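Q: What follows is the residue order along each chain.
Protein chains: 2
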Amino acid sequence: MGSGVFTDKFETEEILSNTDRDGISVEAALQNIGYDGESPAKPMEDIHAYLEVHIEQGPVLEQNETNVGIVDGVFGMSWLEATIYGEADHAGPSPIHSRNDALVAAADAVTAIRRLSNRFSDDVVTTVGEFSVSPDSINVVPDEVTFSIDLRSYDDDTVARGVEHIEKELETVCEREGTEFELEELWRIPHTEFSPTVCDIVTEAATESDCSYQRIIGGAGHDANYLNDITDAALLFVPSVDGKTHNEAEFTEWEDILAGVDVFARATNQLADQN
Amino acid sequence: MGSGVFTDKFETEEILSNTDRDGISVEAALQNIGYDGESPAKPMEDIHAYLEVHIEQGPVLEQNETNVGIVDGVFGMSWLEATIYGEADHAGPSPIHSRNDALVAAADAVTAIRRLSNRFSDDVVTTVGEFSVSPDSINVVPDEVTFSIDLRSYDDDTVARGVEHIEKELETVCEREGTEFELEELWRIPHTEFSPTVCDIVTEAATESDCSYQRIIGGAGHDANYLNDITDAALLFVPSVDGKTHNEAEFTEWEDILAGVDVFARATNQLADQN
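Those sequence lines, one after another, are chains V and H.
Note that our numbering has the first sequence beginning at 1, numbered continuously upward.
Note that our numbering has the second sequence beginning at 1, numbered continuously upward.
Chain V extracted, bound-state conformation (with noise of 0.2 Å):
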């Protein structure tokens, strides 16, 4: 939300009038900490480069047992948001070749949507997070079932032509299982390419370092996302145990996070001299 405020992709009264499941807004929870400050979240003068380090939130680095990644862009994506219409039934009474069971349709299309990760193109990954049930009843037979979609690949056509797959997967359960289907694309967003410039200069710097490094392409997005869209960024990674993240098992070793802050800091002293 900072960066997107920073950059102008968001404005700062909407965010700030976010609120989460409890109804506590963003502007509310700054304040609580105390990080609720005068100064404007905006850019006081020209950026001549931006550099940040983040944990790979992936098994990549750790597999190939390298101290950080040099991250030249990131996935793009499209969310979708699938709902089937079944028919409600009783779940003692009505013989299966008389239902139009939304759940069956919709297990059909959480298989089929697995199914497609690495199928068309090696680096598709797909993901059904969202899920939700109705009348949610144990003896009746669910009529409308709606669950998101997350399908992400670094080349932009390759979501497009994926989208259509997943289209295409929902008219075939749909067709099996005598269920209807509504698919709506609730935003895409185009791959990132970060500044060739910068990521040389990292790239130096990790040589000069003595850690271990590779080029990478990351999966999900970051604030360097936002502002490579206004100055020249790049990204690190540093690796994360068990490639484990959004939960309490998230952990980095010291190793990498020294190795992590010293090509950081580097390539930051590099980008200054230039400056």
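One thing to keep in mind: the hints can contain errors.
As the list makes no split between identical chains, a pair holds if one copy fits it or if it spans any two.
Unchecked claim - Under the rule of at most 25 Å between Cα atoms (straight-line distance), these lysine to any residue pairs were calculated in the SDA-like manner:
1) K168 - T111
2) K244 - L30
3) K42 - A265
4) K244 - I15
5) K244 - I138
6) K244 - G92
7) K168 - A112
8) K168 - R114
9) K9 - I138
Hints in this document: simulated from the structure, not taken from any laboratory.
Predicted, not measured: the structure shown is a model, and the values here were computed from it.
Given the coordinates of chain V, work out where chain H should sit on it, guided by the hints.
A: Below, chain H without anything else, positioned relative to chain V:
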């Protein structure tokens, strides 16, 4: 609930204190509609026989163009709750081969459970009705899915075999996806066989009436199931248009209602004469 209290299956106070999703108790709801009377919901004397007319809640009578179904018995059933435990991961950077996606495994299970219907016995019906996903977030691989399984058959041994089959299917899907599961049986009830004597009297009555009729097995329990334990009970079905039930489209043609009432009245007269 009423017939369960009447036949001592449930305690009166326990039932009256049950609440719905809005927190309204059965007692408050009965008072509200003026049904909270003085007489206890208990038999005042020995009951000679019990007869009930109900809609079929299924499509068999309508498909056979039959006015009345004489129910020989009702399916036994098992209600199960399964939970699948995976691991939360970021939808972007975590490669497919490293995922343990609880929803992918659960979708696989829903498909496998559907395939069990009519598979290891002709009359097995399976339904997954309740289904909830955690953390239910668009860009997080689900780490926990809980769902219900409703399994029915007229043969009690078949229900027992069905539960074993479901456990094996869960083992298979969890091994495939690297997830784990728990399976709990919420309750199991044996099949009900109504009084052959009363069923024969109803069949005689149907023969005297000018309606069409057939013997049938019911998929779902009704008040007659409880009453069958304390007296000679029988159950009549009239057709449900399109087999619809538990939704606003539930409908029975007047012709069928009249046929059902006619057979009911004739059989009741016959039973009263016996007494």
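Q: Give a verdict on every hint.
A: Against the structure, the hints:
Both within a single protomer and between protomers do K168 and T111 lie at most 25 Å apart by alpha-carbon distance, with minima of 14 Å and 19 Å respectively. With identical chains, the CA atoms of K244 and L30 are never at most 25 Å apart, being 27 Å at best within one copy and 53 Å at best between copies. Within a single copy, K42 and A265 get their C-alpha atoms as close as 24 Å, which meets the 25 Å cut-off; across copies the closest is 83 Å, which misses it. Proximity of K244 to I15 under the C-alpha cut-off of 25 Å is found in neither arrangement, the shortest distances being 28 Å within a copy and 47 Å between copies.
Taking CA atoms no more than 25 Å apart as the test, K244 paired with I138 passes between copies only; the shortest distance there is 17 Å, against 34 Å inside one copy. For a Cα distance limit of 25 Å, the shortest separation of K244 from G92 across copies, 12 Å, qualifies, whereas the shortest one inside one copy, 43 Å, does not. Taking CA atoms no more than 25 Å apart as the test, K168 paired with A112 passes in both settings, with 10 Å inside one copy and 23 Å between copies. In this assembly of identical chains, K168 and R114 lie within 25 Å of each other by CA distance both inside one copy and across copies; the values are 14 Å within and 23 Å between.
In this homomeric assembly, K9 and I138 come within 25 Å of each other (Cα to Cα) only across copies, at 21 Å, whereas the closest approach inside a single copy is 45 Å.
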